[in-house]
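Note that the protein sequences, when read in sequence, are chains A and B.
Each residue of the first sequence is one higher than the last, beginning at 1 in the numbering used here.
Each residue of the second sequence is one higher than the last, beginning at 1001 in the numbering used here.
Which bits of chain A does chain B cover? Going by a derived footprint, with three or more residues having C-beta under 8 Å, they are:
#, segment
1, 190-197
2, 215-227
Distance condition first, Cα-Cα at most 27 Å in a straight line; then the derived DSS-like pairs of lysine-lysine:
#, chain 1, residue 1, chain 2, residue 2
3, A, Lys218, B, Lys1321
4, A, Lys218, B, Lys1310
5, A, Lys221, B, Lys1321
6, B, Lys1050, B, Lys1010
7, B, Lys1279, B, Lys1488
8, B, Lys1328, A, Lys195
9, B, Lys1328, A, Lys221
10, A, Lys221, B, Lys1340
11, B, Lys1417, B, Lys1271
12, A, Lys275, A, Lys19
13, B, Lys1363, A, Lys221
14, A, Lys218, B, Lys1370
15, A, Lys218, B, Lys1417
16, B, Lys1271, B, Lys1495
17, A, Lys275, B, Lys1363
18, B, Lys1340, A, Lys275
19, B, Lys1370, A, Lys19
Just so you know, the hints here were simulated from the structure itself, not pulled from any lab data.
Just so it is clear, CB atoms sit at the ideal spot from N, CA and C, and this is done for glycine as well.
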Amino acid sequence: MAGKSGRSIAYTPERSILKRILSWEGALVIIFIGVLVMGRIMSASFTPENVLREMPKYLSEILIALPMGFILIMGEIDISVGSIVCLSATVATFAGNAGIPFPVVILICLATGLACGALNGFILTRWPELPPMIVTLGTQIIFRGIAEVSLGAGGSASYVNSKDLDILGARLGPFPVAFFAVIIAAVIYIVVLSKTTFGRKLYAIGSNRTAANYAGIKVGKVRFIVYTLAGLMSAICALFILTTTYGANTTTGQNYEMDVIAMCVFGGIATTGGKGNLFGALIAGFTIVCLRIALGLNNINTQLILVIIGLLLIVSVLISSLTQSDFFKKRQLKKAAEKSAKKEAEALNKPLE
Amino acid sequence: MDEDLILELKGITKIFPGVRALNGVQFRLRRGEVHALMGENGAGKSTFIKVITGVFPPEEGHIFLDGEEVRFKSTRDSLERGIAAVYQHPTTYPDLSVTENIFMGHQIKKGPVMNWKAMHAKAAELLGRLNANFDPKVEMGTLSVAQQQMVEIAKALSTNARIIILDEPTAALTANESKELYRIVKQLRDEGVSIIFISHRMEDMYELADRVTVFRDAQYIGTYDVDGITTADLVKAMVGREIKDMYPKPDVEIGEEVLRIENLSRVGFFKDVNLDVRKGEIVGLTGLVGAGRTEVVEAVCGITKPSAGKVYLNGEELHIKKPVDAMKAGIVLLPEDRQKEGLILSWGLGRNVTLPIQDELSKAGFNDEKRERLLSRDHLEAVDTKAVTIFDPASSLSGGNQQKVVVAKSLAQSGTKVIIMDEPTKGVDVGAKAEIYAIMGELAQKGYAIIMISSEMPEILGMSDRIFVMCGGRVTGCLSRAEADQEKILHLAMKETAKGGENAEEEVAG
Chain A
1 MAGKSGRSIA YTPERSILKR ILSWEGALVI IFIGVLVMGR IMSASFTPEN VLREMPKYLS
61 EILIALPMGF ILIMGEIDIS VGSIVCLSAT VATFAGNAGI PFPVVILICL ATGLACGALN
121 GFILTRWPEL PPMIVTLGTQ IIFRGIAEVS LGAGGSASYV NSKDLDILGA RLGPFPVAFF
181 AVIIAAVIYI VVLSKTTFGR KLYAIGSNRT AANYAGIKVG KVRFIVYTLA GLMSAICALF
241 ILTTTYGANT TTGQNYEMDV IAMCVFGGIA TTGGKGNLFG ALIAGFTIVC LRIALGLNNI
301 NTQLILVIIG LLLIVSVLIS SLTQSDFFKK RQLKKAAEKS AKKEAEALNK PLE
Chain B
1001 MDEDLILELK GITKIFPGVR ALNGVQFRLR RGEVHALMGE NGAGKSTFIK VITGVFPPEE
1061 GHIFLDGEEV RFKSTRDSLE RGIAAVYQHP TTYPDLSVTE NIFMGHQIKK GPVMNWKAMH
1121 AKAAELLGRL NANFDPKVEM GTLSVAQQQM VEIAKALSTN ARIIILDEPT AALTANESKE
1181 LYRIVKQLRD EGVSIIFISH RMEDMYELAD RVTVFRDAQY IGTYDVDGIT TADLVKAMVG
1241 REIKDMYPKP DVEIGEEVLR IENLSRVGFF KDVNLDVRKG EIVGLTGLVG AGRTEVVEAV
1301 CGITKPSAGK VYLNGEELHI KKPVDAMKAG IVLLPEDRQK EGLILSWGLG RNVTLPIQDE
1361 LSKAGFNDEK RERLLSRDHL EAVDTKAVTI FDPASSLSGG NQQKVVVAKS LAQSGTKVII
1421 MDEPTKGVDV GAKAEIYAIM GELAQKGYAI IMISSEMPEI LGMSDRIFVM CGGRVTGCLS
1481 RAEADQEKIL HLAMKETAKG GENAEEEVAG
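When you get a sec, could you build the whole thing from the sequences and use the hints?
As structure tokens, then:
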């Protein structure tokens, strides 16, 4: 069956460097550099060494931002991750204090997070009509509740064999282990999202769930995997938090879900699904981490970061909504129409030559 | 004026992007008459109603109310002038009370406060007038469809409507409920209300209407006195044309049976459906909207679960539980709602085409973008898609070209044996329609077995080798290409409603 009109359709992608720089990720890189410069101007102690030393306190949240990006791209949300961090850290602390060898403690911690994530995934795929926001609000309360009950009256437990944790809190050269963990995880997640069929399915589900289902994508399976991953990454985050807090308490991991969602949205991922990528979220994550460090080094109340993140979020959402506005869209459509008209004219002229 | 006209529309034209939904139609409604409006699906009846009620202001034409020209910009304007519409599916607030539904938008107030007492009393009075004996304080959602319709009519009366439009009011009603509705309509007419009545049912028209106006293909065909027109003439007026030649149906040698559906049922949707399609054959599946056609193919394709019955492919029984099972077996559905079910509009065409097969094309889970691009380009060109690049978003194409992308997507799946097209030319303009028919013909020549669901009589007659007609969730008949004509199909498509009425009466009697 050949095309009757003989019309041909171009299939080589256009690669424009200018477009890349003008993208939201490009803007984020500039904002990130701006934050570094600003930090340096504000305080002489904002040196690479100091920044890297302070990093582990905040860095591990980015580990959760990665699967959260997957979830948001599917058009869903998981607000139980902070509680999974708390429960995994609590379980790990008790396990360590019970004299279990550290490698096994790590496995137990990861298994806890995995189980929590799998529970979210199970509920949401068994009853797909339930709203993820409410289901994970429920499990958020349950997971933290379990942790609080086990922590008892004091509300905290310290990790007795704290030397065990030093392996994870160590440095390779100037870089903390957590930094490598974040980079390695980020590379894996970014590649999975942008290069694999699994990543494409996430975008398909987030863009049009019905069409994805009709196209034979196992929507339930994909969702289950992603929620389970969020639990697992929360547990890895919990391990790195233990290296800076040497124990768990009832506020461990509190508000992490909001921080992490903020990183993703600031990084250009739309909560409505189907749009954005993890490269943006990664840079946004590092930007927020460095902002926190800069404020900390200047002895500014670190809670001010909340105000700044809030503002950043609104600005980033506003910018994306402005670029999506009718004015911009019409201009883009007009340009595209002109382009296609030109190409069609060219195609028509060719046979004559 | 020799006629006492309450409403007159002249030269109404309504254009939607790419489609002329109404083309210079006219309509004359006399005071105190029941006027039926008939035509095939897509003839423009619903659009016409929306023009009268001000939902869609027309591009051209004039509307006269009591001889005075009016322009309605919204439904509020038309309501104020006494025109109210009651739709097929009552658009109500199920969680609110009957009273709240009746007075939604024009509540009776005492100063700034709702006057519930007055509203309940007025609601009870209106319902009493309709002989509807239920409490206006009950929640809307607890009522039956028929009762909800009563509430909608009461709502229309509460705005002092002089013209009431009923859009397929009996479609969801049982025979007895329909009778009750007839009684109410006659009562309203006797009270001086003018009524426009849309229905597919001949019996509704004969029972109620004084005159009937027929639309076809967005055009006005004629207005007739009900007493002076036979069913045969009316059907001819509705379906009219002879354009069998427009359909390039090739002569294909029909091979062995590919798909067979046996006694397939889904409670509440369809019952005991038997259907088969052979290699190289185009089977038309038709019936009125709501007959259960889409539901049958959705069950075959694993989108919903049938409650009973079997599906065989090449003589072997299939157990399809999910859409992916059907695809693997080689059954592909081109859904009716392309934009919601068939395409990811924000994605490029290429990715849409390869979406179902990206796993097959991938290497160790990684997308093989190069192969995907080439393959999608080939398939998009094969169906002659009007696009500049495969990266154009699907949303940028016209309906016809979007349909071609969906076809390309189904052909890209190498194991495809059966292609099920649900309303393949819905929302597609005439030129692209012909192209899609040509593609269908070529697919049949290539040996695909094709099931085409369509409400459009000419395309069913023009393209099908055999035609299955459904009505009320059952297959009421199968016609060969040679024996099929419009009247036979319409007869089969309306069979169950007529019969259903008789059965219901028997049940009541027994």
